[in-house]
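**Q** For reference, the chains in residue letters:
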Amino acid sequence: MIGYAMAITKASAGVPAVPAAEAIMAPELSWAGLILLLPLLSLILCGLCAAAKVTSKLPAVITATALAGAFVTSVFLYLNYQPPGDVIPLLDWMNISWGDGQFESFSANFALYIDSLSLLWIMFVTGLGTLITIYASEYMEPDLGKGYSRFFAGVSVFLFAMAALVLSDNLLMLYLGWEGVGFASYWLIGYYYQRPAAVAAAKKAFIVNRIGDLGLALAVYLIWTTFGTVQYDELMTVLEDGDYRAAFEGWTVSAIPFLLMLAAFGKSAQLPLYVWLPDAMEGPTPVSALIHAATMVTAGIYLVARTYPLFLLEPVSLHVVAWVGGLTALLAATIGMAQYDIKRIMAYSTVSQLGYMFLGLGVLTTYGAAYHVFTHAFFKAVLFLTCGAIMHGFAGQLDLRHLSGLRHMRGWRITAWTMFIGCLCLAGFPFTSGYFSKDAILAEAFVTQGPGFEILGWIAIFTAGLTAYYTFRVWFRVCAGPVAYEPGDELHGEDDHGGEFHPHAPRLAINGVLVLIALGALVAAVPYFMSNTADEHLAGGWVADMVHDSTAREGIPGFHGDAHAGHGDAHPTIFGADPHVAMYWISGTVGMIGLLFAAWLHLWRRSQADAIKAWLLHRAWIGWLPRAMERKWYVDEVYHALIRAPLWILGHILYAFDRFIIDGLLVDSVARIPRGVARCLQPLQSGAVQAMAIVMVGGAAIILLLMALFMQFGWFGGQA
Amino acid sequence: MLSVLLMVVPLAGAIVIMLAPARAARGIAMIATLAGAGIAVAAATNFDGWGTGGWGLEFQSELLPTLGITLTLGADSVSLMLILLTALLMPLAVLGSWTAVTTRLREYYGWMLVLSTAMIGVFLARDLLVFYICFEFTLVPMYFLIAIYGSGNRAWASLKFFIYTFLGSLIALAGLLYVVWQHAAVAGAWSFSIPELAAFASTGLTSVEQAWILLALMAGFAVKIPLFPVHTWLPLAHTEAPTAGSVLLAGVLLKLGTYGLYRFVLPMVPAAVVEWAPLIAVLSIIGILYAALICWVQTDVKKLVAYSSVSHLGFCVLGLVALNPLGLQGSVLYMINHGLSTGALFFLIGMMYERYHTRDMGQVGGLASKMPVWSCFMVFFVLASVGLPGLNGFVSEFLCLIGTFAAGGSGAYPGVLGPWLAAIAAIGMIFAAMYLLIMVGKIVFGTLREPPGHASDMPSDLNFREIVVLVPLAIGCILLGVQPDLAIHAMEGAVADTLSAYPDVVTGVLNSVSPQGATP
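Line by line, the protein sequences are chains W and L.
One point on numbering: in the numbering used here, the residue at position 35 of the first sequence is 300, and numbering is uninterrupted.
One point on numbering: in the numbering used here, the residue at position 21 of the second sequence is 1044, and numbering is uninterrupted.
To be clear, the hints were calculated from the coordinates, so they are not data collected in a lab.
C-beta: ideal position from N, C-alpha, C; glycine also.
Incorrect hints may appear among the rest.
[What the hints assert, rightly or not] Example chain L residues on the side facing chain W (calculated, C-beta under 8 Å, incomplete):
#: 1; residue: Gly1097
#: 2; residue: Trp1319
#: 3; residue: Gln1352
#: 4; residue: Leu1460
#: 5; residue: Ile1461
Next comes chain W alone, as it looks inside the complex:
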């Protein structure tokens, strides 16, 4: 793995860089470029479909085929993969050099870095991408011939950018993917561009993400000025050698993880930058499932895992990650409990689960975070897709107060039961995939030593209870109970049979995908039991194995004695038991309690729920709580009052300042002086521009004269 770009010398300027001969590349891996190329091709073809006003499902077929191709390629790569991975150059991008030293060139190229971490990510991204595209082919039917091509073009852009993000071999190409997925997200959230809410949500997503992107950009600058490279393999070499300069008195090394963190919190919707994600639900549901649940929002986790060694240089940064993650998990869960829109509940649940993943990263289990990313991708996708099926069938109805008893309705059984599987996993029901992946994180919170990590662990356990409650609140309300429903406000003609509303049940494409992904969510528990090939002393199965070959390996429990203070000899215990074992019992029990609460309030005694809520609202000492939860803890309002409004007012003030002070007072009054003079010289005023020529010569002469005088007296400080 020789950084090929280093081979570019000044002499070869202008000549495309040639990969250094030493860069040994497994021939099988050279197919990796297809993963980027296929979505790009699909984008172009969808664009052509839009231009040709295609009215068939051709764009969906194209996109699904391309993505399936990308998925097959990534599986192929996985099968042919040999540690420790490889760099595959594709195309030159930016290469500037002015010397041969470590800090005398900047290069970032389109090149892929194939290791097991990127393979883990790209496999579920392309796999779920393919399935969700198939789902969308049916879901987007009402827009056939209208926005259909535009939608699938957006999906293609997303997959391209996501692949670039995950597979890049340097931080700049990652940045390209990073902003690219943000743009795809903007495109797809704003898909219904005639709806003001959708346009506003799209804009908000892009701008809030840009705040995070600023962090990433600054981190890239800092990493380059500190380490002299932005390529992962070179970066790791420099880190291992300790051969980096302590630029700017060494503070940069500590600042880097905080900036990367800002980027990750923006993309993965953590406090305080999570506000865009719930609004992003304005996009079509397949988009919510793919981008805002399963894949894009996990990019922040990926970034931290990928740059984990930089975080380990500054332990405080990981403590911050853990606390932000834990608090976000709790906060989002409380908001999710109080919402009525099932898609928004899922959105807050995503924020909350992402919080768990960051907690995992913070308490030194990259494996736990990665495993939770993996299982979450499946079960959250299926939950969103079932919400989408319901929304699609009930004319946009998403309010859980107006839907009930779906599991008894003809054609809705698959939806109801696949949703049930998703709910079980999300709630962490024993022996489902979510149960194992969540426990991997929870236990480490008690094992790893850090400021208040034990409190954080209990917060996370409490949140697990809340999660089980709000998850099954949705299922018991919507799928269980007596059959009752009202249509939403997006009535299509086809649903309207003589004034009476008939929901139309999902057909093959939607049902098939739901079943497949639900199965995937169940099967995602299996990797937990698979044995490790890389290092048999490690726990954690296949996912830990995948993390092991990457830069994130320091975060696998048991990888280093020293990375986990206390692991081994002085293993902390919970109630006298090993945390890993204790957690099976504790989280299982807490989850069951949450589930039973949900069953009580939303299945058996639905009226009780309203009564309790009314009782709470009328008690001054506690009434603020449900209100604040429903209003999302007023974070949007705080943003508006503290950032948006002051800046907007400042903009107006500056504009007035620009017109009246700078332009009006200063510029125009200076201009008035010669005008006053010119009034005495009437002839000059007549033909303004002709006169300018005279003034030009005359003015120059006057200035020259002045200069001669100046020089005579040596006022320039020159000769004299």
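Once you have looked at the hints, place chain L on chain W.
**A** Positioned in the frame of chain W, the structure of chain L alone reads:
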């Protein structure tokens, strides 16, 4: 010889237009500008200074040898890139005005061609007289283009544009003449040759003199760029100018200022630049953020884009005063990229204006459903402008900022800026996303809003001619976004030459300041 042709062909076109009937004017202009573009491309392919710091396209004729007055033309890779930009924008500007201009056609196209000659002359000039004459002469055609073909407040806008930039450049001329004078005193003969003067000034003048000359030159170039706080002519001129005028103003005329910094200020007065770079950088950063916030509250879409130029050019100047290859290459790229993307935005706004006769975002909006093709282009060029990676704007913005960031006190190219300035400037990235996406949100997305009783004989969406205007710019944006190496490698040598004196000067200044502290 090609260099003379580059300047003469448009001028000849202008003369032919004056003699020919009015209805032939735009055809002749089209032919002349296309010929100009062809010559520029030929010049670029024959140029052998790409990558190295060499000069090409040289032409010299002695006019008054005793007074040192010669006509010397030539180009290095940086000037040639800007010439290419100018020559390629010209036919698009003519094509873009095809139906927008209906009166006094001969004057319109005549002035456009004269403007082209003057702009290319600035980039080709290797002696001071050619440079100054062309630099000033760009004002006259632009004055008439705004004053005759502009909208609303055109008389005031054109006059302000003229006088403001004219006064600034007069002071710059004085500074340059001072250098000529001093040089003549030392060398014993008059010379106006730019390289000679630069070599003399950079070593032969005291730092106090250099500072004065820097001030004089900045008076001319900062107004042109425009740098905060001497920018107020720009929003007015841009808003009132006809479409092609705005395109050339943003695309090329503003770059005359940054090019002036690159060609004169950096080589001539290095000691003063090192001393004053932090101040210039601070002004650029104020400009970036200040103009961006102002953009946010605009309702006139053309004024918004005009203010955004003030903000964007701040990055460009920042890259220049970073005094390292990253910043300087980013800055030159920025000149080209801004010409492409902002030029295209002005074209697009012009196309909207031709249909709705308003630029008020309160009156017109939600055009995606009515003009899908226009909307696609609009979103594309906004993204290029916002700096989406993969498109051109990102590369130059990134290089300018990382150059500023790395402009600390060590390394092969020590600088006098640093991470804090870069970090503050980078906030401009967020602001740019805010105002541009809000603009897109209003005029492209949302429900369709059209001004009452608008009438236009234009088709509702873009016609073939308009698409032909935009496509080359879009291709340029993608090409320079994906393969910036083409331009980066091409200018490597030239940039290194420009910076050659700096490492020593910066080290000298840093060493003289730090041990003794501030001595009065």
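**Q** Is the interface hint satisfied for Gly1097(L)? The criterion is a beta-carbon contact with chain W at less than 8 Å.
**A** 21 Å, violated
**Q** Given a cut of 8 Å on the nearest C-beta pair, is the interface hint for Gln1352(L) held or broken against chain W?
**A** 6 Å, holds
**Q** Would the stated hint for Ile1461(L) survive a check requiring a Cβ distance to chain W of less than 8 Å?
**A** Holds, about 7 Å.
**Q** Could you check if Trp1319(L) really has its C-beta closer than 8 Å to a C-beta on chain W?
**A** 4 Å, holds
**Q** Please verify that hint: Leu1460(L), Cβ, nearest Cβ of chain W, below 8 Å or not.
**A** With Cβ-Cβ at 5 Å, under 8 Å, it holds.
Of the numbered hints listed earlier, the single one contradicted by the structure is hint 1.
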